[in-house]
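Let the sequences and hints guide you as you build the complete structure.
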Amino acid sequence: MRRGIDPLWWFLGSGAAIFVLAAFIDPDGADDTSVIRVDRPVLEAYLAAGGGNALSETLSAGPRTLDDLSPQARKDLVQRYVEEEALFREAQSWGLDQDDPAIRRRLGQSMRFALRPEVASDPGDAQLRKFFDANKSEYAESDLVTFEHIFFDATRGGADGAAQRARAFRPDSDWQAAGDRFAYQRTYVGARSEEVSAQLGRDFADAVFALNPSDAWQGPIRSDLGAHLVRVVRHDRAGEPDFAALRPIILDDWMRARQAGDLEKRIDAIVSSYEAKVAPEFKSDGR
Amino acid sequence: MRTRAWPWLAIGVSAIVSSALALLVPEGEATPVKADSVTDAGLDVQPKRMAYSPPLRKPAENNLYFGDLHLHTSYSPDAFLNGTRSVTPDEAYRFAMGYEVGADNGVPAKLRRPLDFIGITDHAEYLGVFPRLLAEDDELTSWPLGLEWLGYLQRNERAKVGVAFANAIQSSDRALRTPDAVNRSVWGEVADNADRYNRPGQFTALVGYEWTSMINGDNLHRVVLFRGDGAEAKRILPFTAQDSADPEDLWNALEKYEAAGVRTLAIAHNGNVSNGRMFAPVTISGQPLNAAYARKRSRWEPVYEVTQVKGDGETHPDLSPSDAFADFETWDKGNITLSEPKTRDMLPYEYARSALKEGLRHQRQLGANPFEFGMIGSTDQHTGLSTTNEDNFFGKFPESEPSDHRWREKMSAVLQESWELSASGLAAVWAPENTREAIFDALMRRETYGTTGSRIRLRFFGGYDFAKGDIDRPDYARLGYRRGVPMGGDLGRATNDAPPSFMIHAVRDPDGANLDRVQVVKGWLDAKGRTHEKIYDVALSDNRKVGPDGKAPPVGSTVDIAKATYTNAIGDPELAKWWRDPDFDASQPAFYYVRVLEIPRPRWTTYDMAYFGIEMPAEVPRTVQDRAYSSPIWYHP
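Chains as they are written, first to last, in this note's numbering: chain A, 1 to 287; chain B, 1001 to 1637.
Rather than coming from a laboratory, the hints here were simulated on the basis of the structure.
All C-beta atoms, glycine included, are put in the ideal place defined by N, C-alpha and C.
Be aware that a few hints might be false.
[What the hints assert, rightly or not] Pulled a few chain B residues facing chain A out of the computed Cβ check, cut under 8 Å: (1) 1085; (2) 1088; (3) 1157; (4) 1252; (5) 1256; (6) 1473; (7) 1507.
Rendered as structure tokens:
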């Protein structure tokens, strides 16, 4: 009477058989991360995605397939791929991808782009008007002033001297030939307050915007540079923003706001699928 | 020489003047051409179409406007493929107008001051195609090439798109062209968009596009700008590099536009990556230049973009060895795709100064000057964000938008490292008002200049009747127009062979650095047909004087590199000078242009070092002397 083979041997034996079989089917070992597999699909994908090629190579040679490459170029490509892949994996195993802010941001940015919602269609006047009313201050134009000025340079005889020379100007004379050379404009057309301030100082800008249009020369008004006689030709006061005239811009802004809002919602949805466990010391009661 | 040059002068100048003054002179009325009255006519004649601003219906001195005439957005395929996606033309306009806009890398951006005008010039080849593809536009996905590209995009096969695109862009195969219906619809959108943002008197949006010819990777790009509104521009379709890569064909196309009542001009850029093609003495087909070529080129290309993000194009240190400031943001590795390295013999046909000299030589041989161009600067940025300030620079593509690693990111992944990018440039225009017509006409008469980013203010007049003290008069500009010509103008020979004199007035950017010096760059042609150049330091800050060796002492530097700061403790805010050519020879054709230098300040890379707390290798320049280049004034004996 023979005793049957111990089930333990069966178990060990079949295990060994599987290993032998596996070695035949996949001699490199499927789950070994130290193995870099290079075959046709891998190389084709690598070539398509840039393949470490210089743009000059690709442009001067035209479109290339794996089969177009010379044996040497193919060898180089393989070497480049292996090197890139090895460094990439090693960097991952060192956790470099976890800590690199550039990579994190780049991924976040790709995600945001992927989440970007479709452009919405025109929602109609009622909705736009509501949006317009809520954001009216955004559409307020600034006042514009148009003026000419005669400049009296303070570096020639001081600020008081300049003002004195300004007062001596005879209004019936040729204004363009009067006073001193001015560094910037002598005529400002439809200028905003910031533009005048940039070149003549804020006080001067405020003073000019306070004058009424008139054919007469007014002033002298002092600036950081000297004294000025000013003739205000126009003062265009910013009226109430007009819905009808601004409609295309409002529509644009509404769409932009809508898109941004939808994007935030999609981002919030992703964020809320995670549970943030915040240490007690960073939990504020405020919000 | 004298008898030969005059008939040309009459033709050339009247062509320029008549186009420039078409707005101002009633049709059918001849414009008298006298060297000293070229602009006078324009100022005193009642305008045909009323100016927008009443006080300027009879302009006396013109106003100065700053803008960018070369900018790309997500509608340019290369911008899109490099990651410019959220900055559409709309965002680009809003940014130029002074609004805050988010860059594609997520960093918020805002200009210190809005621009006065802009020309958004997306590439005409596959204009607006990629954003529509990604949105799976029906017209495009039923087009086989579109479907193929969409596949690449979805699988993120960047190189495949890049190669397919580079191949298609230079091909005349009709199957590779955007379907007509899409093309028309995108172009209509581009034109209407410009109309939507155009605000006469406040902000000018010119309709435009870029013609993207690069033969074997040698850059011949031109932007095309329209004088009229969107409705006018929509009467044509952009002439693209797929129609022809030869600039002569582009000019012929612009001529056809004109016949259809659509007025345009073209502006070439980046001779520095053309590997000797931009100002070559031969045409694309290999023929030597002829008079018809010369007239056509100067007719359609009144100005040249002398400085931009891919380096400065005024001159090269090898071409101007005695010019201490010649090596400025120099790009001389190769052509635009870096497929062919640069050699020394290419340089004379790549830079503005030598091209102006070449122009004099051609003019003697042909009776017409192919390279009689004025100067502008623009950005060529592909982020939709027109930025030119050293401390507010958003790069060329999203990979060079502000970050602690952008300086070493290669442009478009494989080209130059981003630290080589130049925070440049701006187009400055002297015009009676801020409208499309006025800015276009100023470009046509070349009353423009370029800066490498800051808003330096520069006036330049030439004539025979300026007295030494005139530059100190308050109305020197009125005098300049009445008795001479502004920048971009031509002077004939004086009856007594007297030398011309010049009035130059430079003022620093109100938000920027003081001025170091004002220089006049002269180029001329001698009797033997050889060209020469010379630089005169005509005004120096801080009471410096040119020494006996002909050299001016350097202005010094206040730059603190660690903190990325500078002060205006040196330099002058304003430099004004009357100048007469001491080496004048009445028989030699010549040109004169002005170069204004600022005092040194931290380069954008130095701001990055301080802001991000990073170090860069020593090869990255730490300081920069930003500058302005005026359009030349030509002297024709």
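Subject >> Hints the structure fails to honour >> reply: Structure breaks hints 2, 4 and 5.
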